[in-house]
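Undergrad: Chain by chain, the residues:
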Amino acid sequence: MHANAPAPAEDEIRAIVAPMTSLEGPLLPMLHELQRIYGFVPEAAVPVLADVLNLGRAEVHGVISFYHDFRDHPTGRHVLKICRAEACQSMGANALAESTLKKLGIGWHDTTSNGAVTVEPVYCLGMCACAPAAMIDGRVVGRVDQARMQRLLDEAGA
Amino acid sequence: MKIYVPLDSAAKALGADDVADAIRREAAARGLDVQIVRNGSRGMVWLEPLVEIATPEGRIGYGPVSVEDVPALLDGKMASLGPVDEIPWFARQTRLTFARCGLIDPLDLDEYAAHGGLAGLRRAISMDRAGIVQEVLDSGLRGRGGAGFPTGIKWKTVMDAAAPQKYIVCNADEGDSGTFADRMIIEGDPFTLIEGMTIAGLGVGATRGYVYLRSEYPDAIAILTQAVKIARQRGMLGHDVLGSGQAFDMEVRTGAGAYVCGEETSLLNSLEGKRGTVRAKPPLPALEGFLGRPTIVNNVISLATVPVIFEKGAKHYADFGLGRSRGTVTLQIAGNVKRGGLFETAFGVSLGEVVNDIGGGTATGRPVKAVQVGGPLGAYMPVSRFDAPLGYEEMDQNGGLIGHAGLVVFDDSVDMLQMARFAMEFCAVESCGKCTPCRIGAVRGVETIDRIAEGAPGAIDLLTDLCETMKDGSLCALGGFTPFPVMSAVTHFPDDFATHREAAE
Ligand SMILES: Cc1cc2nc3c(=O)[nH]c(=O)nc-3n(C[C@H](O)[C@H](O)[C@H](O)COP(=O)(O)O)c2cc1C
Ligand code: SF4
Ligand code: FES
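Top line first, the protein sequences correspond to chains A and B. Numbering follows numbering that gives the first Met the number 0, with no gaps: position 36 of the first sequence is 35. Numbering follows numbering that gives the first Met the number 0, with no gaps: position 172 of the second sequence is 171.
Simulated from the structure, these hints should not be mistaken for laboratory data. Just so we're clear, the structure is a prediction, and the values are computed from it rather than from any experiment. We put the beta carbon where it would ideally sit given N, CA and C, even for glycine. You may find that some hints are simply not true.
Reference listing, derived: stretches of chain A covered by chain B, where coverage requires no fewer than 3 residues with Cβ under 8 Å from a Cβ of chain B [claimed, not checked]:
(1) 25 to 32
(2) 37 to 47
(3) 111 to 118
(4) 134 to 145
Quick look at which bits of chain B chain A covers, simulated, 3 or more residues with Cβ under 8 Å [stated by the list, open to error]:
(5) 25 to 35
(6) 125 to 134
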């Protein structure tokens with residue numbers, strides 16, 4: 000979804016979360032579904048979720064802000080996650096992340112000016128025996144060196 | 000011709016999908032009749048993508064295979080590794096939990112049953128609850144998620160609790176760096192986990208289960224979701240499990256990127272749709288867990304080991320191991336290591352044997368400097384401790400912990416002061432915020448380590464005191480154990496802390 004797309008209507012949000020109301024502990028599945036559809040959790044969802052689940056708005060906000068995954072704003076067209084955890088560090092992840100961010104001229108969580116890529120840190124992708132690792136739009140890549148990273152960035156149009 | 004190309008995400012991360020495509024393409028070009036099976040991983044990540052060709056002499060391995068190798072592979076001109084189960088790294092293992100992983104198509108329930116699957120569940124169905132729980136007690140199985148708590152005792156508590164609804168919750172949050180056993184078994188043999196959870200349900204009288212699976216594992220989520228669907232269609236799950244008249248069903252839930260949600264009470268809060276803060280114990284989750292009901296929370300590997308215990312008998316399992324650590328440990332050899340992967344073996348193997356002998360030393364070829372055992376809350380072990388046997392008590396005596404059994408190897412280029420700093424930084428980022436020593440202490444820890452780096456006198460003493468405060472004043476192991484990696488770095492690698500001081504002087 001583009002940054003300038005109209006904010007989703009309350010009805011639309013209600014329709015998305017309605018099928019999940021019968022779940023035990025429905026809030027996280029609802030937030031994941033909203034983020035899957037919109038790319039982030041729209042502000043307009045907060046009062047709807049509070050209403051549907053009989054919670055305070057502050058409580059819903061509190062849950063959204065607790066988790067690293069949920070965003071309140073759109074990302075670039077692609078999301079690149081670079082692992083920063085120990086096993087990847089042992090294979091040069093710090094230098095890889097540093098040079099990638101430098102090349103793109105952005106910091107963690109930022110998006111390139113052409114809107115192509117958002118770079119986020121991640122702590123372990125379960126690729127610790129083929130480190131360093133990265134993930135682009137849900138696809139994992141192992142033994143990432145400078146050349147492989149450049150290919151990923153090129154493919155993403157960064 | 001039957002060719003196996005793993006679908007494990009580590010294999011995919013190293014190009015397995017492209018290799019599978021190339022095999023399809025090249026086979027068509029040659030007019031070869033090829034059936035490609037996407038199996039799980041055999042655990043030899045250093046050989047991935049590990050392609051196997053079925054022959055009358057067994058499954059012959061080739062790896063790592065690149066797209067460029069495929070023509071030679073199909074023309075019989077690529078050098079082989081020989082029969083996969085005779086590759087020494089594989090042959091010297093004791094594969095109980097991972098017996099089927101890499102062998103079969105993970106979503107083929109018939110093949111699962113043909114390789115020993117469902118035998119454990121059938122046996123459990125023939126037993127009463129007390130008998131099921133006793134079998135787990137007798138196996139000596141201890142929780143593989145980190146704390147090593149006897150699984151049978153936890154099950155007994157839940158069995159004895161009276162409640163209209165009980166739950167089985169599988170902890171698949173696997174946030175520790177250096178670990179991937181949960182991911183690998185879910186991707187490679189998901190029915191094992193489903194079977195283990197079902198046996199748990201029958202044993203304690205729980206009819207509903209949840210797997211809390213971290214969002215960083217999209218492939219595992221997809222495979223397990225599919226496996227649950229198939230299990231339901233085939234009557235392995237549902238109101239009448241394998242015709243037993245007993246009910247059990249389960250759902251897969253996705254985490255949301257919080258490391259602390261691997262802690263069982265935080266996980267339960269998260270599953271309930273709350274902030275993932277840690278709950279004070281008591282009450283134990285076994286008595287008041289998910290939605291306040293009696294709940295088993297077990298790690299993936301704990302639960303996935305249950306079927307083989309029931310298939311082969313508790314004694315068979317308990318006969319492996321060392322001291323009070325019974326059965327096998329599913330080691331994950333990771334980081335800067337030549338031969339990394341999943342290595343299942345009886346408890347008792349020494350740290351040095353794992354790193355040097357099995358792992359082959361570092362990938363870079365430089366000397367090993369340190370090994371972090373047990374994830375971000377585990378100690379950094381120096382080479383001088385390589386005699387330490389891998390067992391719960393034995394590691395404890397050596398100032399370390401097994402945790403989820405991940406080992407991250409570092410070569411001599413690592414700066415241990417930076418690793419200590421990272422441990423504090425990670426704790427600060429991931430703290431649930433409930434205890435001051437964890438939330439604020441970790442931030443102070445980063446600052447104090449920076450001051451050590453600047454050569455500030457007395458900063459090491461400050462750090463030591465701070466670690467004591469964190470150990471004593473934290474509700475869970477995130478704040479309470481972060482001092483382990485930090486202080487082990489200070490203790491075993493004083494030069495990395497001293498050189499900075501001298502450089503500044
Ligand atoms: C900060 C923290 C993170 C944890 N992460 C995990 C995890 O990712 N997976 C896991 O199984 N246990 C984890 N644990 C341990 C769980 O709290 C709990 O002991 C375990 O799930 C119980 O299952 P088991 O007895 O089968 O090991 C964590 C504990 C702490 C304090
Ligand atoms: S030690 Fe840290 S993570 Fe654990 S309960 Fe306290 S604040 Fe939360
Ligand atoms: S530490 Fe990077 S993938 Fe595990």
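Undergrad: Determine for every hint whether it applies to the structure shown.
TA: Comparing the hints with the structure gives:
1. 25 to 32: holds (count 6)
2. 37 to 47: violated (count 0)
3. 111 to 118: Answer violated; 0 residues pass the 8 Å Cβ test.
4. 134 to 145: Contact hint for the region 134 to 145 of chain A vs chain B: holds, 7 residues under 8 Å.
5. 25 to 35: violated (count 0)
6. 125 to 134: violated (count 0)
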